[in-house]
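Visitor: Residue strings, one per chain:
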Amino acid sequence: MVLFSIVYISCKKDNNNNNNNQTPLVFSELIADNDTIIGGTSTYVRATATGEGLTYQWQATAGDILGSGAVVQYAAPPCVTGANQITCTVKDSGNNTASKTITIVGI
Amino acid sequence: MYCFKLLVILFFVLIINTVKAQCFGSPGNPIAGSANLGVLLKKSYRAIAFYKHADLTGYKKGDVKTPYQYVKNANYNYIGFNMGYGLSHKISLDADMGYYINKTQKYAIADFTHNGYGLSNGSVGVKYNFYLDNVKKVEYTAGVNAKFPLALEPMETDGVVLPIDVQPSTGNFGLIAQSFFVKQFPEKSVRFIIINRYEKNFNENRQGYSFGDALSSSVFISKHLWLSWTSLFKDVTAILQLRHEYRARNKNFGTQVVNSGSNIIFCSPQLNYNFNKIWNFSAIIDIPCYQYYNGLQLSNKLAFSFSVTKDFGLVH
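Which chain is which? The protein sequence lines are A and B, in order.
Numbered according to my numbering, the first sequence spans residues 1 to 107.
Numbered according to my numbering, the second sequence spans residues 1001 to 1316.
For reference, chain A alone in the conformation it holds in the complex (with noise of 0.2 Å):
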């Protein structure tokens, strides 16, 4: 019993150890190559981070949203005109979440 409440603390303590050392979630940058498109164009947008596990999420107030990870195309069509906002969250292996918009402008 000693023995077996010796090494479960131990293995508890690694744990959070580990936990402690996990890289933390930097969102540090959303930037899209063109701020202005014409309608019926795309233009790539980037999401940079830092972190472990991480996933991005994409939506757009309008217009389309082309790809997935990382490094997406926004495409304006031809009703979305005026500024439109891209919003990206990204989320680590510990679920914590960071979020920035940008906003692109179609004419």
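Keep in mind that the hints were calculated from the coordinates and are not lab data.
These figures come from a predicted structure and were not determined experimentally.
In this text, a Cβ means the ideal position worked out from N, Cα and C, and glycines have one as well.
Check each hint, because a few of them may be wrong.
[To be verified] Ranges between beta-carbon positions, derived for each pair: (1) A:Thr41 x B:Val1064: 20 to 26 Å; (2) B:His1053 x A:Ser99: 34 to 40 Å; (3) B:Glu1204 x A:Tyr44: 26 to 32 Å; (4) B:Thr1113 x A:Ile31: 25 to 31 Å; (5) A:Glu29 x B:Phe1281: 55 to 61 Å; (6) B:Tyr1045 x A:Ile107: 54 to 60 Å; (7) B:Ile1079 x A:Glu29: 41 to 47 Å; (8) A:Thr41 x B:Val1126: 48 to 54 Å; (9) B:Phe1281 x A:Tyr44: 49 to 55 Å; (10) A:Glu29 x B:Thr1113: 24 to 30 Å; (11) B:Phe1253 x A:Val26: 26 to 32 Å; (12) B:Tyr1045 x A:Thr36: 55 to 61 Å; (13) A:Thr41 x B:Gly1254: 23 to 29 Å; (14) A:Thr48 x B:Ala1177: 49 to 55 Å.
Mind docking chain B on chain A? Use the hints.
Guide: Just chain B, lined up with the frame of chain A:
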């Protein structure tokens, strides 16, 4: 009268789902079809299942084709279900729902395809037979349905929230009002039918989108293909439908979407087959004869539908 009710109901099943809208002319997620416009016999039930496929390709500005390319083509496959119940000889209840097997949009500006799928919208409603003259063979029925989305959260795949045009549900709550007028000419086995439907959406969905009001008016002429020299077509009815669909502009976060809304006229030939007075099978092709789009939108091509209807609790 019974066969007549079945026949007319099937027309309407295949109308509703073709109300279209949007920036690329894709369907605005209409409901599966409120099939029991003519009221049902008291204490009888009716179940309808139908399938529809539609294609969209090529852009139009107004009613003029353009070489514009953004979406190369789009298509959808949709199944709908409707249940009706005759509460009394003048009142019927009905409920329906739909499911998109797919709503697909293939882009021309990039080698990429978006594909949405899932539950669409549903509705519950009541119909009332305001006028029935069995001598003059005239009937008028009207009804109202409450419409609701079967999914509120927008669909996302691979971490990307799908564009509004491929979302399976509109996310809008609303009301549908419809009327149904029938005049029979039994000596000629001919029926003349007018159906009107108005749909209003009340709220923005969770993508900030609200689909515009829709109004459709249809005129049907049907002919029972009974021939004296053969019994081959005795249970077959041919129908020709002329349908006008008007769609007001949509709104995105309260601002009108300029390239949305349309006026389309469809010519839709249809064949119905009735089996044993309780089964009905129907096939219809939607041919867009005239299309006018506000601004620049992807236009409709052919669509086709099949439906099966079964009645329960009837006394013959």
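Visitor: Indicate, hint by hint, whether the structure satisfies it.
Guide: A quick look at each hint next to the structure:
Against the hinted window of 20 to 26 Å, the Cβ-Cβ separation of Thr41 of chain A and Val1064 of chain B comes to about 22 Å, which satisfies the hint. His1053 of chain B and Ser99 of chain A have their C-beta atoms about 39 Å apart, which keeps the hinted 34 to 40 Å range intact. Between Glu1204 of chain B and Tyr44 of chain A the beta carbon distance is about 29 Å. The supplied range of 26 to 32 Å therefore holds. With their beta carbons about 26 Å apart, Thr1113 of chain B and Ile31 of chain A fall inside the hinted range of 25 to 31 Å.
Range check, Glu29 of chain A to Phe1281 of chain B: Cβ separation about 59 Å, and the 55 to 61 Å hint holds. At about 56 Å, the CB distance of Tyr1045 of chain B to Ile107 of chain A agrees with the hint of 54 to 60 Å. For the hinted restraint 41 to 47 Å between Ile1079 of chain B and Glu29 of chain A, the CB-CB distance of approximately 45 Å keeps it satisfied. Between Thr41 of chain A and Val1126 of chain B the CB atoms are about 49 Å apart, so this pair conforms to the stated range of 48 to 54 Å.
Checked against the given bound of 49 to 55 Å, the beta carbons of Phe1281 of chain B and Tyr44 of chain A, roughly 51 Å apart, stay inside it. For Glu29 of chain A paired with Thr1113 of chain B, a C-beta distance near 29 Å keeps the hint of 24 to 30 Å intact. Here the CB-CB span from Phe1253 of chain B to Val26 of chain A is close to 31 Å, well matched to the stated 26 to 32 Å. Our hint of 55 to 61 Å for Tyr1045 of chain B and Thr36 of chain A holds, since their Cβ atoms are close to 58 Å apart.
Separated by about 26 Å at the C-beta atoms, Thr41 of chain A and Gly1254 of chain B satisfy the suggested range of 23 to 29 Å. Against the hinted window of 49 to 55 Å, the Cβ-Cβ separation of Thr48 of chain A and Ala1177 of chain B comes to about 52 Å, which satisfies the hint.
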